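Chains A and B supply the protein sequences, listed in that same order.
The working numbering applies: residue 0 is where the first sequence begins, and numbers increase by one.
The working numbering applies: residue 22 is where the second sequence begins, and numbers increase by one.
Simulated from the structure, these hints should not be mistaken for lab results.
Treat the hints with care, as some may be off.
[Said to hold, decoys possible] Taking beta-carbon pairs under 7 Å as the criterion, some of the chain B residues facing chain A (in silico):
(1) Arg40
(2) Glu41
(3) Asp43
(4) Gly97
(5) Phe100
(6) Leu125
(7) Leu128
(8) Ala132
(9) Tyr181
Just so it is clear, the structure is predicted and the values come from calculations on it, not from any experiment.
Heads up, the beta-carbon is just placed ideally off N, CA and C, and yes, glycines get one too.
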Amino acid sequence: MKHALVFLGLAATILVVPRTAEGHHGYAAFDQKTVVTLKGTVTDFHFVNPHSVAEFDVKDDQGQVQQWHAEMPSRSALSPRGWTPNSLKPGDELTISGYRAKNGSPSLWVTRIFANGQELKLAHEN
Amino acid sequence: MLFHFCQWLNETRIAIAVRESDFAFPIIETVHVLGITLMAGTIAMMDLRLLGVILKKDRVSDVARLILPLTWIGFGLMFVSGSLLFAAEALKSYDNPAFRLKMLLLLIAGANPLIFHSTVYRRVEDWDQAVVTPVRARTAALASLTLWSLIIMSGRAIAYF
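Looking at chain B on its own, in the form it has when it is part of the complex:
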């Protein structure tokens, strides 16, 4: 079923247009990288605050409020450009082990903040000004940094398989 989806996507008009344009593909690739820097960069700032490395005097909730909108803009750029690149290479991607690993890591990286926000972050008022945040918050931050690093590495590796 996944294969048939990739087969269909690969031959859609938009996929063909991206593949067959001289400029679209490299421009979309560039937007994808810029989206990643904005998203992963702001996520790293949030994670480093949770780990008590930077912005120690700022409330966790203030940092989150300041940074999250930028993270979402980065996510939007990354998701739209990534979907277009995937469409253009849907059949190749289906066979690519690095791409599969990246998708799996993205699922886990997506689950991480869902768990974080529905558990320990619900009581953020209790530890908003703490330099040393609760273990579950630090665990989530460390997992996030690790996962996004691995996602970028596996994304880069797609070109080598």
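Excised from the complex, chain A in its bound form:
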């Protein structure tokens, strides 16, 4: 009986606890039919597994700043292509193309990325 109560408590906790709004997504969460291109400024770069992430600010015509989240291949995949934790630094001017998140959140899966006018290769050829 005591075990059953502990179990029910744990099960309820897992299901009921609300999820935060911030989204990290797998590849399938992005609309791979359309490519969007954005210009912005790097605010943070996480060179990690299983996906690297660049955070950047995009300013619209009215001067409003929107924070974007760009997912890229893993650190393990990018390291052999010459990437380092310093490949992107806060303040770098970014031109980034990719697939936008299907849920409309300001995040995308990167297909091409240029920092300060220089392309950073995500794959060996392209």
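Here the structure of chain A is known, so what remains is to put chain B in place on it, guided by the hints.
For chain B alone, kept in the frame of chain A given last:
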């Protein structure tokens, strides 16, 4: 509270080390898969014996004695590697519906053998050589096969949310 735990875990030194190493993450992922094959594979053998599909001439208790140590080794590999992967992605996992479903299924899959061993398996001498085992034993076996299949599927699905 769960969120704060994930937040704390996400920033521990070990979590950061796993995330930021070129090799640790893929190696740990591989160990996790090998652990699952050993654990789920041996569990499936036990379940199939209880269902009277394989090893029909062997006593249930003999099969259990032979197979359980391997199941525990698989569990150890799976648990340690899984905990490290979870730590590395604790904040992402918190938000991931597939991960939550997997944790829930793991709880149920863990409760299943506890119930089995404290009830019908206590009188295993009575049906040790039976091909057709008691209904409760077959139910537990079927539940186990189903649950572990769903756990592997939801585990795989974590990467797609």
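Structure-based check of each hint:
1. Checking arginine 40/B against chain A by beta carbon gives a least distance of about 4 Å; that is within 7 Å, so the hint holds.
2. Against a cut-off of 7 Å between C-beta atoms, the interface hint on glutamate 41/B holds, since the closest Cβ of chain A lies about 6 Å away.
3. The interface hint given for aspartate 43/B is met, as the beta carbon of that residue sits about 5 Å from the closest beta carbon of chain A, less than 7 Å.
4. Given hint, glycine 97/B at the interface with chain A, is violated; its Cβ is 22 Å from that chain's nearest Cβ, farther than 7 Å.
5. This hint is violated: phenylalanine 100/B has a C-beta 17 Å from the nearest C-beta of chain A, more than the 7 Å allowed.
6. Satisfaction of the interface hint for leucine 125/B is found here, the shortest Cβ-Cβ separation to chain A being roughly 5 Å, below the 7 Å cut-off.
7. About 6 Å separates the beta-carbon of leucine 128/B from the nearest beta-carbon of chain A, less than 7 Å, and the hint is met.
8. The beta carbon of alanine 132/B comes within 6 Å of a beta carbon in chain A, closer than 7 Å, and the hint placing it at the interface holds.
9. Checking tyrosine 181/B against chain A: minimum C-beta separation of about 4 Å stays under 7 Å; hint holds.
Consistency note: the structure conflicts with the earlier hints numbered 4, 5.
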